[in-house]
Amino acid sequence: MDSHAIALNHAEEPHHDHPAHLRHHFVSLEQQNETVSFGMWLFLLTEVMFFGGMFTAYLIYRNWYYPAFVAGSHTLSIVLGTVNTGVLITSSFTMAMGVWCAETKRQKGLIVSLVLTLILGFAFLGIKAVEYQEKFELHHVPGAHFDAMSFVHPKAEAGQPAEPGLPLDMARKTEVYFSLYFAMTGMHALHMIIGMALLSFMIVKAARGGYSHGNIAFVENFGLYWHFVDIVWIFLFPLLYLISRHQ
Amino acid sequence: MSHPVSDHEEAHGPHIVSPKIYLLVFLALLIGTTLTVVASYLELGPWNPIIALGIAVAKATLVVLFFMHIKYSSKLMKLTVVSGIFTFLALVGMSMSDYISRAWGSF
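Chains as they are written, first to last, in my numbering: chain A, 693 to 939; chain B, 2 to 108.
Worth flagging that the hints you see were computed from the coordinates, not collected in a lab.
Here are the simulated BS3-like cross-link-like pairs (lysine-lysine), alpha carbons at most 25 Å apart as the crow flies:
(1) LYS797/A to LYS897/A
(2) LYS797/A to LYS72/B
(3) LYS847/A to LYS827/A
(4) LYS897/A to LYS800/A
(5) LYS800/A to LYS21/B
(6) LYS865/A to LYS847/A
(7) LYS797/A to LYS21/B
(8) LYS865/A to LYS827/A
(9) LYS21/B to LYS79/B
Bound-form chain A, shown alone (with noise of 0.2 Å):
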């Protein structure tokens, strides 16, 4: 019987020979950490398919309403957008950093790590808010407020000319682009809400020295995440604000 073998082999050597975060149904350290991996990154496929929906609607109505589509992105701060994945990218850095420091046994270095990870992680959230504000004020949010008229009759901004109006039935495509910014946004907010709760949880932890004894998949896994969501906002950034914005 194999099952005997493996035990008997087991009983040569003395039992306290592995660290006590190693499972006894893995054969190895190794074995346990590429299998966590392993169910980390099907979750992330699933992810991938749940973002991929809204990515597929929004490539057919982008086709169908393009001109809504353009004028809809048009009215995204540009600056503010790009200040925010300048910020998520950093937060990126700062955790992929924060992932060394614990494979490296560097408390300080994981905990200010994390810190500054959740840090970043409000300010975007901050600026995203600011965004959500300016665009309640202009009866940009989709539902009984929308009003779609500043899109036929556009205003001209300081310093630049009015861009030209849309006809009626265009312009309140632009409903249809506000719904999906909302949307994928949203939902991308929502992950990073959910990931910074997990960076208060670790960097508690940390601050323990819980993953000082090598045990640190946790913190390498929920990297993983952390980079999905950023890599996520850099396909929405240039879908989003992008689009045209020569015209």
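With chain A fixed as given, assemble chain B onto it according to the hints.
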């Protein structure tokens, strides 16, 4: 008994990506962000969305390979990621081919 175990981990443990590589990838991502903003202000016709998506794919690839360690992972992990991307592209591609070709022959 703990010494041989740590030696073993040194030799065969997971690859640790150095901060230098993280920093280079970080800078490349910032450059990519700048490029995609600049490119959106250029009049390139049908190339605008293609370039925007191309830069986004390049940035995402850097994140997956280095920040997410796939370059240094096992073949099982690499195949998992590639199969996921393939499935995603197949689903999006077939949906889009339907919408693009639906009106063919009716004009």
